[in-house]
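Dock chain one against chain two, each of which comes alone in its own frame, and use the hints as you go.
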Amino acid sequence: MKRPMVTIDGNEAAAYVAHKISEVIAIYPITPSSAMGEWSDEWSSRGQKNIWGSVPSVMEMQSEGGAAGAVHGALQTGALTTTFTSSQGLLLMVPNMFKIAGELTPTVFHIAARSIATHALSIFGDHSDVMAVRATGFAQLCAFSVQETMDMALIAHAATLEGRVPVMHFFDGFRTSHEVMKVEQLTEDDLRAMITDELVRQFRSRSLSPENPVLRGSAQNPDVFFQARETVNPFYQNFPTIVQKAMDKFAQLTGRHYHLFDYCGAQDAERVIVMMGSGALTAQETAEFLIKNGEKVGVVKVHLYRPFAKEAFLNALPKTVKSIAVLDRTKEPGSSGEPLYQDVMTTLSEAMNDNVLPLMHFPKVIGGRYGLSSKEFTPAMVKAVFDELKQSKPKNHFTVGIHDDVTLSSLDYDPAFSIEPDDVVRSLFYGLGADGTVGANKNSIKIIGEDTDNYAQGYFVYDSKKSGSITISHLRFGPREINAPYLVDSANFIACHQFSFLEKYDMLKPAVEGATFLLNSPYGANEVWDQLPKRMQRQMIDKKLKFYVIDGYRVAKETGMGGRFNTIMQTCFFAISGILPRDKAIEAIKHSIEKTYGKKGEEIVRMNFNAVDQTLANLYQVEVPNAVSSKIELAETVSSKAPEFVKNVTAKIIAGDGDELPVSAMPVDGTFPTDTARWEKRNIALEIPVWDPNVCIQCNKCALVCPHATIRVKVFDGAILKNQPETFKAVPYKGKEFPNMMYAIQVAPEDCTGCGICVDVCPAKNKSETRLKAINMMPQVPLRDQERINWDYFLDIPEIDRRQVAMNTVKGSQFLQPLFEFSGACSGCGETPYLKLVSQLFGDRAVIANATGCSSIYGGNLPTTPWAKNKDGRGPAWANSLFEDNAEFGLGFRLSIDKQTAYARELLMKLASQVGGQLAEAILNAPQKTESDIVDQRERVAELKKKLAAMRQPEAESLSAIADMLVRKSVWIIGGDGWAYDIGYGGLDHVLASGRNVNILVLDTEVYSNTGGQASKSTNRAAVAKFAASGKRVSKKDLGLMAMSAGHVYVAQVAMGSSDQQTVKAFLEAEAYDGPSLIIAYSHCIAHGINMGQGMRQQKAAVDCGHWPLYRYNPDLVLEGKNPMVLDSKAPSLGFKDYAYAETRYKMLTKSDPDVAMQLAELAQDDIKKRWHFYEQLATLDFHTNGKN
Amino acid sequence: MDLSTTYMGMKLKNPIVPSASPLSKDIGNIKRMEDAGAAAVVMYSLFEEQIVHESMEMFYHTMHGTESFPEALSYFPELDNYNHGPEEYLEHLRKAREAVDIPVIASLNGSSLGGWLKYAKKIEQTGVDGLELNMYYVAADPDKSAEELENQYVAVVKSLQDLNIPLAVKLSPFFTSFAHFARRLDDAGADGLVLFNRFYQPDINLETLEVTPNVVLSSPSEMRLPLRWIAILHGHVKTSLAATGGIHTAEDALKMIMAGADVTMLCSVLLKYGIDQIAEILKRLEWWLSEHEYESLQQMRGSMSQKSYENPAAFERANYMKALAGYVLTEDLKYHN
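The listed protein sequences derive, respectively, from chains A and B.
Numbering-wise (the working numbering), the first sequence opens with residue 1 and increments by one.
Numbering-wise (the working numbering), the second sequence opens with residue 10001 and increments by one.
The following block holds chain B by itself, in its conformation from the complex (with noise of 0.2 Å):
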């Protein structure tokens, strides 16, 4: 069965690929990887903040305390090396891209323009096949409207023209117009769009008073926030379209592709049962799409999608309407009312 598929220009044997995530920090787990199959890997995100953020604290409790008392100028040894740059990530990622033989994609998450290009910029020499921008950045600001957010994010993209590496954008869903946004993405030179990011979300200790935050992994119904949008986007933007959150199973990544997405990401599901699920995902979607007399993937692609089902409407408000018609209240509420 023909699974291959293209994603950001880069020919793939399947739409496997497993998203960032801790997993990618051993490369034994990235060999293993690739080994069960993955047609791609990208990387965990290197977090520009971080590097400022730790490079900041080494240098504060470094220097605290130190030529106050006469006895004990400093408290620690004057190293040659504190690495505080991204060369760890950098050196990895070399590591990573020696390793296999599988397309490897960096993952950079900035906090300025001039770090988006300055780390980009050393991502692409160590000789990764692509860069994906986690645009992790929850708007809290009052002051700054929809707009303003948006152009940042053009902004970034159209900084980072100058690669000769395909670049995927990963975003959030909490765009107002989102085909809208899309699209100036798209426009702004992006060759991949990787939908959705997950936020960490937060949560409230009850006993402690804290706020914890909480890591929850996706669970299956997830997916059908992204299975929506690549619809809608499938035949709309240049780019390639990547799903990512929710796939556990084969079906889901057939859905996914039905919807028209160039590859389906994986991240909890191997996470909660370890890598070797790809493999035991590519048999089953091999198995389907032969049971189902499908010639190869690339025949299902965007099969489903808003541009090719019969009621477009059915991705769109009407949707909801249904939807809402056809719940049943439960006899509790019922009660209530």
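Just chain A, with the same shape it has in the complex (with noise of 0.2 Å):
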């Protein structure tokens, strides 16, 4: 039978076949598995129905510990059902997999396996999460491919209805979940072939109904718990040959035959690798490339893990095995060895304790890791490993691919070694984020895959920031399957979308001999060659390769397509490759263009087929000179200012080069130090704000606004002004506060990210010429130079003393020094702002816990951090948990600083004679309430240190080591709303319930941003989000309100851009406030689909329609027999439409289906009604009796 062949990736090629078979659907977003869940949801919300001809229910939960519990109770009910997760999601089901397995329930979890955090946390591909719950019961089975996922997906659901066990089927993450690949589609017959309706029906009869009561869950004794657990076993033994059964089935099918343990490599092979998932393929393509060199070797992949077929496995080695490497892809510390190896070894010794090991010897077993956290495993490695096969006293429990100067477990490689074939097309697409390059390339990709015989296969890499990114994309396109589950290292055609690359990424370094470049610059084929640094110019002339240019940024322009070259250096790409004839390749992309836009409008379509129609024309070709005549030079990563750690390990992951980064590089345990965003200067900014004071009114709104503290105020005594830069700008400080003082507002010009959202706020317009304001926005590259200069001279103007500000004001709190800088939030982040406030209020003396989310990425994601340290080295201390526990985790900081700081007072009043009685009394009973308190106290905390190091006591150690506890700690508890409303609510709750005093900041931007914009409990009614794909039926939580009720919770709700001084005069109460106080932020976000440059406009149109009432609830208030509730923000005056429709999340649901829009856009305009309604009432009662009378 003749199957589609189509080209997609493993999530989807996972959810395909789940959908498929399922009834009920569980979810609840993490990465790499999102997709998965969303993939369900959409077809769902389309009425695309499973093979029972019915709409499978898609539910979100709040967690997937909600999901798994959800699975469970719709297994125990009898429908088919099915989730998707990764690594902490999988550890939050555990308890449930448990059970689930426990009670014989078929259904089939499919995991995207990835990374557990423990040092750090990672998105990316591992074992470590399917093998941390191998314990649970349920059935392991993994998927090494796309194509695989997709089978394997059947054959596990086949299983799990025939044998009762559940099944985790797993691929590896980002590897195998991401890679694009053209693969053959499973058609309905197949689905139906393999599921057999019997097994079904006796699926359900095995449910609870009232019908036919049951009970199940009881609790056991001593007496009987055992038996009962052993009750399993005929299943566990059964279930490998149920599955190989459903494999056999599967490959009269399709004729793909898979095996328990499949065995690839020569028949007589002497050396053999044990592993699963993608590395597996890599092992098997480099075992058949030596075995054409006479080498005797072989690969067994190991596709069930669980129950592990020990018979099965004996039989898959060849006989003539004399040494085996077992590859695990996690990590188990302090272990006999991994878990794939530890079963390796189990199962030859008992064959051989049994006397029926069917091998000639017992074989040299060795185990290695390999390829945690995505680390890149290639042929080259593999060979390595056969290569110490070979040798009479192998290195045991080695790692490979990374280099271990700290216990040398690691196994040298020759990173030479290649085996690709010639007759592949390796392509390296270097492109930004935003200018459509991977798109683009997916684009090619389905061209390819679906108009020609070939191959095709995609694989993305992308950096961690969330604006400038920089994506590199790997293509391979062959007339062979392609079984090449590793990046592009040797490439024939590589592409560079942005010229400002060239003198930041080595680019050309894996380009082979006659290779193409095709470099996207605003130089033509005559200038270009000047303008490429000397080491690219070496590079073209040595490895001979063809060179041509396009200025897509002008073809870009001309045709309306603004920053986005994606068709264009699409159409460059299919012109220059010849993979397609080019009229055929212009047709295709033509065609592709308007499957993929044509939906989104006639105009966006015309716009697309002219820029493919205008880029021949402007693509030439560049003769490449003989000789390298260049003076560029690669500029340095980091200022040679930079501290050593700097310069030696976070300079090199800047570049690009963190996998030559030997262990002995990183910290043993995960810390790293703070201040580092500073050095890295990314430069990705077309446009910086200029400041003209002339016109400035020194209101200080553009720092704080400022998501990225690139622009900056300070006031200072002119006579500091000595030998400033030429076109440093001061001027005579206007406020009364500072009188025959300086005012300086100066740009980090090399940090900034052009989001202009500072420009926007800026009140004050040009008398003469209204367009201009107090700042303006100006080409970046001729400013450069002279603003680093400035820069870097205005960091050295002294910051001013804390005590003399007026922090209660948004001018005031703006001259206080922001220890949140430069951080990679996107352009324009509505977050970031707040917390930057946090670090100048109170970051001297915060202590944060942020939960996993968009502000743990931004806040700590690798290589920098953008929390920042003073002069004094104070800053805030920042770490991430989970992304469940976060007000658990910050109770905790402030349970372990309370309990010391008590101590500390307990042995000053125990040393008090000895230290001076002035000293210590001063220090207890010192208020602490105000900033010069807090430089007393320090002050006194100092001289105290003094003293006890002269002291010989034990106790005196003991207070010396915790006195800094002596100066008031601010402990905040910071995440979104995924965390705050849905995934961490009840530690939320409790936590707020302890009533200790934490400051818990919600960033809330009413979707999960950090996912990608799923629905949270936060979202809005009437909003389009990804699991809320028709507009949220319901109302968004009120969170503050819930915490009001508890009557002891300082809540706040402010949005900056509607009122800056409420925004301030909220984080100082809740700081003050000696007990649990919440601040509920709103945070403009891109998943709202508006001009992030304007986001402070939204922020007060929220505001002004009512959505988002401004208050603050004091507890405070009431022991004064004040009201505690004070409506900060003025009665409705917006319509909901006009807020709602200048962003996309609401608009695009009037454009999907108006008329739901309509109803619903009416009910949340009722919603406000009502709430606004409501809380005038609660800010209107009565508290002066308090209830008294």
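Accuracy of the hints is not assured; some may be wrong.
Within a straight-line C-alpha distance of at most 20 Å, the following computed SDA-like cross-link-like pairs (lysine to any residue) qualify [unchecked claim]:
hint, chain 1, residue 1, chain 2, residue 2
1, A, 599, B, 10053
2, A, 600, B, 10204
3, A, 600, B, 10081
4, A, 595, B, 10059
5, B, 10013, B, 10204
6, A, 1065, A, 789
7, A, 509, A, 590
8, A, 557, B, 10059
9, A, 600, B, 10057
10, A, 599, B, 10210
11, A, 590, B, 10059
12, B, 10255, B, 10204
13, A, 969, A, 1072
14, B, 10025, A, 422
15, A, 331, A, 133
16, B, 10025, A, 1153
17, A, 599, B, 10052
No lab work stands behind these hints, which were simulated from the structure alone.
Set out below in structure tokens:
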């Protein structure tokens, strides 16, 4: 039977099968598995049916724990149910997994396998999650490629129904889940053939029903629990046979025959690698290459890991094997070896003991680790393992792919070793996230995969910044199936879509001789050569490269494409590479444009067509001269002034050379220095703000809203202005609080992202030319050098004494040094201005617990962190534990700090006479309310420490170690709405109830921003989000109101863009409140679909329309007989639609379903009216008598 | 009383037609207009530019930030349908056509020659009875001559001659030789001229230093301009003439009809006082006609047009001179002089 060939990624492949064989799907987003849930939701919302002709019901839950619970319940009541997850998500499912397996419930969990957070979080792929849950009783079936992911998904569903053992079907996160491949799509007939309805009926007959009631989930005692637990044995014993049977049946249908263990290699192999996952394909291809060169090697690919079928494993091994290397993609510290290694050893030993070893000798067995967190696993590494097996004493418990210079575990390998066949086109594309390079490449793969007989593969590497991020696309095309799950490291086509990359990256290093280089260049064919760096010219000459240029910037501008060159560069690729005849390629590109953009509007299609047509006329080949003439050298990654760690470690990571860092370079416990973002000069802004002091009214609003802390203000004594740079600007300060002082606004030109939000909020207009304000955006390049010097000069101007600043004003707050700067958040981010404000007001004594999410990524994703230090070395101490536990984690900080403070006070009281009664008393009784109080206390503690240093008693030493705790610490618990409203709500609720003095800041974007826009309980009614594609039907959860009901919680709802003054006030009050505080901060977001440079306007509109009322609820006011609730915003003055329809999240529903959009908008308007009415009453309740009369 | 009239070949029971306004966005309002006695209705305009703008905007925002960050390769669900074309408007036309018996006239504002034709054809297929071309264009380009501009207008009208529904052209008064231009449109095949379109005029906010597009409803004095031109054009063009702008009362409508209008269009008065004003105006119209012993409305049509009036110059420059001569300077002005 002819099946359709489709070009899809692993997530889509798994979801395709899962959606077709399920009735209920309970999900929760987590990278890299989110897309499986998104596909399911999308298909169900379009009415796509399962093989029984019914649309599966998809439910987003509040956490993976919740999803597993819902899955368990749905299974118990007889619906075929599935879920998707990864990493921590899988761990949260563990308790239910034990239950589901213990109750012999058929289900399949599809897992995009990912690292578990240990010393650091990582979103990338390895098997540490699936290996950590191998004790749950789930079977574990592994797929190695996109095709296998589709195939194994079906085999898993078929086998679980027959065998009653639930299955964890897993494949490598990113490497397989995100790799785009041309695969054969299983048909509905295939699915029907594999799934037996009788087994479905049997499954249903076991379900809970009052018609035939049973009890499940009893509690058992020592008398019977054990026996009952052993009842499942036959099911596990039979399961491998059932899986193999399903595999055999599948083979009859499709011709692809899988086995529990697939051996590939020489029949007389002496050296064998045992492994699972995508790396097994690399090992297989490498083995085949080596066999051609006469080596006796082979690979056992493990498909069914649990139950481990010992006999099948032994039979898969060639009898001639002498040595075996077992590779695990996980690490189990302290174990006698990683899991697969242990299973192999046990199996061989048992067979030896039982005298059933079917081998000629008991082989030498070694175990090794590879590929943690998507670390590359290449043919060179496979060869190194095979080579090691030749040694008489091969290294056991080795690592491969890194350089371990500490415990010397790593194997050496030759990076030059390559097995890439010549007939495969291997291409690399360097682009910016924003220029559409990845999208274009995904399109090209589809064109080649679907319009030609060629096979195609695409894999995309992104950096971890959310603004100005770089993407590298790795594409392969060839006449045979492509089994190369590793990056392209020898390319015959390289394209650079951004000219500015030339000075940053060594793009031509992977180029093979005679390769083609395509450059998007503002310089034409005749001028471009002189603009290339010296090294690049040398490489082009030495490697005899063919060189093409196009001014894609110009073509994009002229055709209305703006910053997106996707179709332009795609057209160039097809025109040059010759994969398709030009005419056919153009036709295919246009066809694909119509398919992709057709529903987005005719104009979009026309614009793209126009770009395609204009491209060829602007594409030129450049003759490569014979000699290097350039004087352009590559820039240093970081300044020579940077600290050693930054120069030696951070800089390598920034430069994209992190793979070269040895084990010894890395901190042992995941601890990193802060204050490092300042060294990463990213230069991503096309335009930066330029200050016009003559127009400026010195309000400091620009500095407040700057999401990246790149626009700064200082007030200072003019006498220090010596040798200032020529273009440095400073003017007399206008305010009365600092008479005769000077004032300056300065921009960090190389750190600014160019969002323009500062210009948007600037209230001062030029009186002669109103289009100009006190700050105006100007091109960065001509200003870069000059402003770099000015910036350095500005940094050297002393910071103001914090005691002199009126912190409770917007203006005053901005004279405080930000200790959160230059984050990699989205340009124009709505969250980061709040974090910066926390850092300014309390940063030098703040400890921050940060939930996983956007703020933990731009806050703590390597290479650098925006959390910074002041000149005294003080600054926020920051840690991320998990997503779900952040409130509890932060409460732990408080408990710990309070305990140590109490102990310090106890010790001080004991030592009072020796350190001086007056000093001790002053320290113990210090009010520590104001900034001056804090400074005074710090001085006292410094004095105390001096005295303690001279003392000999053990108490003195103990006190010395914790004396700093005598200075008040500010505990901040920070996260997004996904955390606070959903996954972490239980903990948040408990922490609020604890009454302890913590400050909780919810950066509320009303959507899961970090994982790509899934609905949370904060998502507003009428808004579209993933998992709410047809508009959220219910109103937003009122977290503030819930917290207020406790009575002892300080609650504030703020929106900086509406009232910056209220924001500052709320932050100060919350911090000062001696109890739990909750600040819910409206954060505009890229997932709202707005112009981010105007985010503050949208914040204002959100408040003006009443969607986001501003208020402060201060329980302390009750003590004064006052109403604790103060409404800080006015009654709604703007219609809900006037606010909402300026945002894509709301607007798109008016396009996709106008009637529903209208209904929901009316309901949302009604929500606003009711809420306002309710709040108004709350705010006017009489607290004078406090209920005593 | 026979109030009937013919507009672009359509027999109407009276001359009162609500012009294009946001009121027609609601089918209920259109029904109310019919119930109040409106003879036909002109629907709110479909703006090609807005369709293009909205689809570009939606494209930009749904694409922005995608494929950049490994955890969030997109931020919005992929929807089946974005309705970026004029479907919503066309569907509304269909519903309006079904909801009422009076003629429904669609209104279109195109921004490209191809756009006019494409959308006009789609509009025709909805079954509406006529199409009004809302030719709203501020000629701000100093490099473009009056003739070039007029040629563009004429080209649009010519390009739509294949349509099987009548075509009206709603114009602004800003043409140098208006009568000549009206004739050109007539020759190009327009079935009706709607005089005049009103631009939303920008205003300046002194405090915020921002230009605010200000929607000011028409005042009765504004009807003088269309009155003059209808009076001038009556009998000189084959097209129907519709008067619009400043018609607030039955008396206003009577003046327009006397000047030569086939229909009189209402907008501001309905926005201000409600749709029921149609019934009030019709009642008064009928009363006035019988009071003044007219047999039918047709009897007075064009009776005060330039062609029929005793002093044709009254509608031309002399009129201005006469007015100037009759003007009395205020005390204040005298003092300054």
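Checked hints:
no. : hint              : in the structure
1   : A/599 x B/10053   : 15 Å, holds
2   : A/600 x B/10204   : 36 Å, violated
3   : A/600 x B/10081   : 8 Å, holds
4   : A/595 x B/10059   : 14 Å, holds
5   : B/10013 x B/10204 : 44 Å, violated
6   : A/1065 x A/789    : 35 Å, violated
7   : A/509 x A/590     : 33 Å, violated
8   : A/557 x B/10059   : 16 Å, holds
9   : A/600 x B/10057   : 10 Å, holds
10  : A/599 x B/10210   : 36 Å, violated
11  : A/590 x B/10059   : 17 Å, holds
12  : B/10255 x B/10204 : 35 Å, violated
13  : A/969 x A/1072    : 11 Å, holds
14  : B/10025 x A/422   : 64 Å, violated
15  : A/331 x A/133     : 14 Å, holds
16  : B/10025 x A/1153  : 17 Å, holds
17  : A/599 x B/10052   : 13 Å, holds
Of the numbered hints given earlier, the model fails hints 2, 5, 6, 7, 10, 12 and 14; all others are met.
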